[in-house]
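A.B. asks: Take a look at the letters that make up each chain.
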Amino acid sequence: MPRKPNNSRQTRALLAAFLEQSATWRHGYDLSKETGLRSGTLYPLLMRLSEQGLLESRWQEPERPGLPPRHVYRLTAPGLTLAREQELAAMPAERAGALA
Amino acid sequence: MTAAPSRWRRLAVQLVQHAASALPGARAPWADAMRRELDYIGDDPAALQWALGCVVASYRARLSQWFSLRPTWRQVATSGALMVLIGLALQENAGGQTQPPWPACDEPGASRISSTPETGSSPRPAARSDGLKHDPTACEAISATDRTQEQEPRSR
Numbered sequence: 001m002p003r004k005p006n007n008s009r010q011t012r013a014l015l016a017a018f019l020e021q022s023a024t025w026r027h028g029y030d031l032s033k034e035t036g037l038r039s040g041t042l043y044p045l046l047m048r049l050s051e052q053g054l055l056e057s058r059w060q061e062p063e064r065p066g067l068p069p070r071h072v073y074r075l076t077a078p079g080l081t082l083a084r085e086q087e088l089a090a091m092p093a094e095r096a097g098a099l100a
Numbered sequence: 001m002t003a004a005p006s007r008w009r010r011l012a013v014q015l016v017q018h019a020a021s022a023l024p025g026a027r028a029p030w031a032d033a034m035r036r037e038l039d040y041i042g043d044d045p046a047a048l049q050w051a052l053g054c055v056v057a058s059y060r061a062r063l064s065q066w067f068s069l070r071p072t073w074r075q076v077a078t079s080g081a082l083m084v085l086i087g088l089a090l091q092e093n094a095g096g097q098t099q100p101p102w103p104a105c106d107e108p109g110a111s112r113i114s115s116t117p118e119t120g121s122s123p124r125p126a127a128r129s130d131g132l133k134h135d136p137t138a139c140e141a142i143s144a145t146d147r148t149q150e151q152e153p154r155s156r
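For the record, the sequence lines run as chains A and B.
Quick note on numbering: the working numbering labels position 66 of the first sequence as 66, and the sequence is numbered without any gaps.
Quick note on numbering: the working numbering labels position 97 of the second sequence as 97, and the sequence is numbered without any gaps.
Worth flagging that the hints you see were computed from the coordinates, not collected in a lab.
Think of the CB as a built atom: it goes at the ideal place given N, C-alpha and C, for glycine as much as any other residue.
Check the hints yourself; a few may be wrong.
[To be verified] Residues from chain A that face chain B, not an exhaustive set, calculated with beta carbons under 10 Å: (1) 29; (2) 30; (3) 35; (4) 37; (5) 38; (6) 40; (7) 42; (8) 43; (9) 47; (10) 48; (11) 50; (12) 57; (13) 62; (14) 68; (15) 70.
[As the list claims (entries may be wrong)] Label-pair ranges, simulated between beta-carbon atoms: (16) B/22 - A/60: 23 to 29 Å; (17) B/6 - A/88: 42 to 48 Å; (18) B/46 - A/81: 31 to 37 Å; (19) B/24 - A/78: 23 to 29 Å; (20) A/77 - B/75: 36 to 42 Å; (21) A/60 - B/90: 58 to 64 Å; (22) B/44 - A/85: 53 to 59 Å; (23) A/33 - B/87: 47 to 53 Å; (24) A/48 - B/83: 29 to 35 Å; (25) B/21 - A/33: 24 to 30 Å.
So here's chain A without its partners, still in its complex pose (with noise of 0.2 Å):
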């Protein structure tokens, strides 16, 4: 039976963080802090989530001056679907009957 893309525990933990502030732009770190992942792990599953079309990324102007730019990361439309639906599924059915 093939695995379901974008399912693994990691990427369920870094979609959730995404939704939490779907609005906001989210640095490297501060993704990695939140969800408990090394950068040896958030990296892979960001630049695959970006090729998928799943995220998007851009450079932000440092806030003070001295630092370089920072790469910064938010879900797209189709992002938000997913995990959306992932939060949906991890929920326990009567809640998300409830929800939905």
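Let chain A serve as the given structure and place chain B on it in line with the hints.
C.D. replies: Coordinates of chain B only, in the frame set by chain A:
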């Protein structure tokens, strides 16, 4: 005036630079992203941990790029590697066995090794290339001892 970076910080910077160089060229923005994020991590041990993770991430990206190559090339590379391994294994097993071994003394015909009546010539080369020499008298002596032991019970 800014303080000089600690040894751990310098190591972290070097690791992140290595990670950036190991990432495939198409992912250069990601290499920059990982490298610049390091400047926002104030804690040196955390920065080092981050840098190590970046090295892992870059190696994983490189491996995933290798496995996503066109199947034809992957198959060719795998077959080539397999053939080399088989060749090496065969060479290893065949090493040193250049001539068949001498027959043991209890094998039929072992005592007749020096000459054959049919041809009148030696069935084997006089000297082996590995320097070992066959001593036909040794086999004959063993056969004589065996015959003596067989005859002794009859004489009693």
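A.B. asks: Next step is simple, just say for each hint if it's right about the structure.
C.D. replies: So, going through the hints one by one against the coordinates:
no.	hint	verdict
1	29	holds (5 Å)
2	30	holds (9 Å)
3	35	violated (13 Å)
4	37	holds (9 Å)
5	38	holds (4 Å)
6	40	holds (3 Å)
7	42	holds (7 Å)
8	43	holds (4 Å)
9	47	holds (6 Å)
10	48	holds (8 Å)
11	50	holds (8 Å)
12	57	holds (8 Å)
13	62	holds (9 Å)
14	68	holds (4 Å)
15	70	holds (6 Å)
16	B/22 - A/60: 23 to 29 Å	holds (25 Å)
17	B/6 - A/88: 42 to 48 Å	holds (47 Å)
18	B/46 - A/81: 31 to 37 Å	holds (34 Å)
19	B/24 - A/78: 23 to 29 Å	holds (25 Å)
20	A/77 - B/75: 36 to 42 Å	holds (38 Å)
21	A/60 - B/90: 58 to 64 Å	holds (60 Å)
22	B/44 - A/85: 53 to 59 Å	violated (41 Å)
23	A/33 - B/87: 47 to 53 Å	holds (52 Å)
24	A/48 - B/83: 29 to 35 Å	holds (34 Å)
25	B/21 - A/33: 24 to 30 Å	holds (27 Å)
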